[in-house]
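Colleague: Residue 168 in my numbering sits at position 27 of the sequence shown, and the numbers go up by one each step.
Please keep in mind that the hints were generated in silico from the structure rather than gathered at the bench. Mixed in with the good hints there might be a few duds.
Calculated lysine to aspartate or glutamate pairs in the EDC-like style (CA-CA distance at most 20 Å, straight line) [as the list claims (entries may be wrong)]:
(1) 660 to 467
(2) 379 to 523
(3) 496 to 527
(4) 636 to 523
(5) 610 to 657
(6) 726 to 751
(7) 547 to 406
(8) 547 to 678
(9) 622 to 527
(10) 610 to 579
(11) 589 to 611
(12) 726 to 653
(13) 642 to 696
(14) 660 to 527
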Amino acid sequence: MLKCRTVWKKLAPLARDSSTLCRQDVRRAGLNNGSAVRVPAAHMSSGSAGGGGENKLYVLLVGAACLGGGIYAYRTVKGDQQRYMERMAEISSRPHKAASQKTAVPAQSEPPAAAATETGTVPEPKPGAAPSPEEPSPAAPGAEAAAPSETTEPPPADEPVVEASPEEAAEPPAAPVVEEEPAPPSEPSPVELTEPPPAPVEESEPTAAAETPAAEPAEPQPDVVAQSAVDSTPASTKVPSHAPYLLIGGGTASFAAARSIRARDPGARVLIITNEPDLPYMRPPLSKELWFSDDPSVTETLRFKQWNGKERSIYFQPQSFYIQPEELNSAENGGVAVLTGKKVIHMDVRGNKVKLDDDTEILYDKCLIATGGVPRNLQAIERAGEKVTKRTTLFRKIEDFKSLDKVSRNAKSITIIGGGFLGSELACALGRRSADFDLEVIQMFPEKGNMGKVLPEYLSNWTTEKVKKEGVKIISEALVKSVTYKDDKLEIQLKDGRLVKTDHIVAAVGLEPNVDLAKSAGLEVDSDFGGFRVNAELQARSNIWVAGDAACFYDIRLGRRRVEHHDHAVVSGRLAGENMTGASKPYWHQSMFWSDLGPDVGYEAIGIVDSSLPTVGVFAKATAKDTPKAATEKSGTGIRSESETEDTAVSPVASSTPAPAVEQQRDNYGKGVIFYLRDKVVVGIILWNVFNRMPIARKIIKDGEEHADLNEVAKLFNIHED
Numbered sequence: 142m143l144k145c146r147t148v149w150k151k152l153a154p155l156a157r158d159s160s161t162l163c164r165q166d167v168r169r170a171g172l173n174n175g176s177a178v179r180v181p182a183a184h185m186s187s188g189s190a191g192g193g194g195e196n197k198l199y200v201l202l203v204g205a206a207c208l209g210g211g212i213y214a215y216r217t218v219k220g221d222q223q224r225y226m227e228r229m230a231e232i233s234s235r236p237h238k239a240a241s242q243k244t245a246v247p248a249q250s251e252p253p254a255a256a257a258t259e260t261g262t263v264p265e266p267k268p269g270a271a272p273s274p275e276e277p278s279p280a281a282p283g284a285e286a287a288a289p290s291e292t293t294e295p296p297p298a299d300e301p302v303v304e305a306s307p308e309e310a311a312e313p314p315a316a317p318v319v320e321e322e323p324a325p326p327s328e329p330s331p332v333e334l335t336e337p338p339p340a341p342v343e344e345s346e347p348t349a350a351a352e353t354p355a356a357e358p359a360e361p362q363p364d365v366v367a368q369s370a371v372d373s374t375p376a377s378t379k380v381p382s383h384a385p386y387l388l389i390g391g392g393t394a395s396f397a398a399a400r401s402i403r404a405r406d407p408g409a410r411v412l413i414i415t416n417e418p419d420l421p422y423m424r425p426p427l428s429k430e431l432w433f434s435d436d437p438s439v440t441e442t443l444r445f446k447q448w449n450g451k452e453r454s455i456y457f458q459p460q461s462f463y464i465q466p467e468e469l470n471s472a473e474n475g476g477v478a479v480l481t482g483k484k485v486i487h488m489d490v491r492g493n494k495v496k497l498d499d500d501t502e503i504l505y506d507k508c509l510i511a512t513g514g515v516p517r518n519l520q521a522i523e524r525a526g527e528k529v530t531k532r533t534t535l536f537r538k539i540e541d542f543k544s545l546d547k548v549s550r551n552a553k554s555i556t557i558i559g560g561g562f563l564g565s566e567l568a569c570a571l572g573r574r575s576a577d578f579d580l581e582v583i584q585m586f587p588e589k590g591n592m593g594k595v596l597p598e599y600l601s602n603w604t605t606e607k608v609k610k611e612g613v614k615i616i617s618e619a620l621v622k623s624v625t626y627k628d629d630k631l632e633i634q635l636k637d638g639r640l641v642k643t644d645h646i647v648a649a650v651g652l653e654p655n656v657d658l659a660k661s662a663g664l665e666v667d668s669d670f671g672g673f674r675v676n677a678e679l680q681a682r683s684n685i686w687v688a689g690d691a692a693c694f695y696d697i698r699l700g701r702r703r704v705e706h707h708d709h710a711v712v713s714g715r716l717a718g719e720n721m722t723g724a725s726k727p728y729w730h731q732s733m734f735w736s737d738l739g740p741d742v743g744y745e746a747i748g749i750v751d752s753s754l755p756t757v758g759v760f761a762k763a764t765a766k767d768t769p770k771a772a773t774e775k776s777g778t779g780i781r782s783e784s785e786t787e788d789t790a791v792s793p794v795a796s797s798t799p800a801p802a803v804e805q806q807r808d809n810y811g812k813g814v815i816f817y818l819r820d821k822v823v824v825g826i827i828l829w830n831v832f833n834r835m836p837i838a839r840k841i842i843k844d845g846e847e848h849a850d851l852n853e854v855a856k857l858f859n860i861h862e863d
């Protein structure tokens, strides 16, 4: 059009001059000849008459220019209209693309509105280019979101999906659609990791993404969070070549860091890489509440009722919370993407890149190592052969829970090796099933009683009797010599000559921190506690942080430590995420952990709890409210590390109720407080069936003072109140 306008400006004066001369010649000829009017040839120039050839040439030029300009304008308008319709077709087909990548459950596809916003730009229709009848006319954003089922239908055959042309890519976007980002909280708490916030979560997710039944829509929908990332991340997923924030590991610490990063930097692009096929989930329910579910399909839904009766999912967030990995660098407001089924096998800390097990390389700006740990196994089982290892479960992941659940419904006998937290929890859980499934449950350990490495001997013996009442056969002081497969049975030979025959073995003998990346990354591993050595800010190098089970950190009160519990993963992951965005905060938190022997007996612990240390226990008679179930019903939480945030221990008030005489509480360990001492200073505390008092215990350890009478200190926990 610009060319036509330029040509016309040059030719217009000539056309006006020729028109004026023609009129003058006609008038002059009429006056000279009277009635006989003879019109001479019109002159198209100011020169002499007789130039007809030049006149025709000018006429042809003007006509050709006008015709060319018209054709060019027509093609331009048609081209703009065609590109607009192709763009609209490409945008309308995106939900279908996302749905085709997710097998089985259509409800897990991204909401249509979110699919449009992830690109960041949606051109508006031009005034003169209306869509053809074959193409869908643009509708209001709410109209598209109101009919999500339409996004799963394949497009007609005559509507091929066309990528945007280079001309369109060069055009500036008109009225970009931008995701709404809520105001980031100043410091996310552990509650945020397990309970959905009251306001819409990041990425403007619909409230259907919430995990509690109260926040779910009235109409029945498929349980989106029950689906693993295997179904949502196809093998053909394009791996982004660069991630500003790269988190290695898909557990609690990694998810806590991702939430913390997004809270401080709402536009952050975070990539989580996990070798598991599942989205980030919490591990405690795998050995606790899931086993007490009445739902026969619990292994598929992975939803369970907490001790307080509320139902929730094991996953921190449903899939709609995350964006696809290939969209990480194009999403307008960033987001969190999870790359499942991939393992980082090499780190180049100088080049700021990692290599995956499929030789894919990813560059990063800042990296978090949250690789957790690997379950230990017994050497006797490892060298026993394939037939034994096939009938052995190293309990750690979702697939281990599903496998053991199936075994417990079909086997006649299961033997749990290990008397720690995990072994005792699984023993109680399976023991309650023993009567219904005609299942023999055996628990063996080298200690004299359950949790003998943690609890003082008298409390360990009491706990052992409790586990026996759940239907579990206890074999104490058992050291495994060998395991063989004979006559369709596993034979466990103990060093003292005892022989145990069983159908299946669960090895719950501890966790080995996963430090496979230490060698290639040149990171230091602690020789005493294992794990990556980090500084007070959880840094291993200038742009590398470590959190969770794999971090060996320095505790300002208790020295260098490594902790393998949920609360530590939450808090250390959160702090690492903050420091990755420039917070530079030291890790001063005293993390806690808890264990439940069913809904009636549970404890919370903090600090160093080692039965080899001197201990002082103060106990009282328990009431109906002194159980894990009652505690969660009162606080409204399911994970007790959340409930500890409700109270503070600024000025604890001791109970005025006098402590009962010692002889009245003999062998009655209904509830109480156990203090662990080192050099007469309290370094660890266990609250036995005492809940929501952890801030007080944390303050006692933080103060680091000697106490002349720990009975007086126990009054701070009000254990003698009914």
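Colleague: Confirm or reject each hint.
Modeller: To see whether the hints hold, each was checked on the structure:
{"no.": "1", "hint": "660 to 467", "verdict": "30 Å, violated"}
{"no.": "2", "hint": "379 to 523", "verdict": "37 Å, violated"}
{"no.": "3", "hint": "496 to 527", "verdict": "31 Å, violated"}
{"no.": "4", "hint": "636 to 523", "verdict": "17 Å, holds"}
{"no.": "5", "hint": "610 to 657", "verdict": "42 Å, violated"}
{"no.": "6", "hint": "726 to 751", "verdict": "29 Å, violated"}
{"no.": "7", "hint": "547 to 406", "verdict": "44 Å, violated"}
{"no.": "8", "hint": "547 to 678", "verdict": "43 Å, violated"}
{"no.": "9", "hint": "622 to 527", "verdict": "18 Å, holds"}
{"no.": "10", "hint": "610 to 579", "verdict": "16 Å, holds"}
{"no.": "11", "hint": "589 to 611", "verdict": "18 Å, holds"}
{"no.": "12", "hint": "726 to 653", "verdict": "28 Å, violated"}
{"no.": "13", "hint": "642 to 696", "verdict": "45 Å, violated"}
{"no.": "14", "hint": "660 to 527", "verdict": "30 Å, violated"}
Hint compliance for this structure: hints 1, 2, 3, 5, 6, 7, 8, 12, 13 and 14 are not met, and every other hint is.
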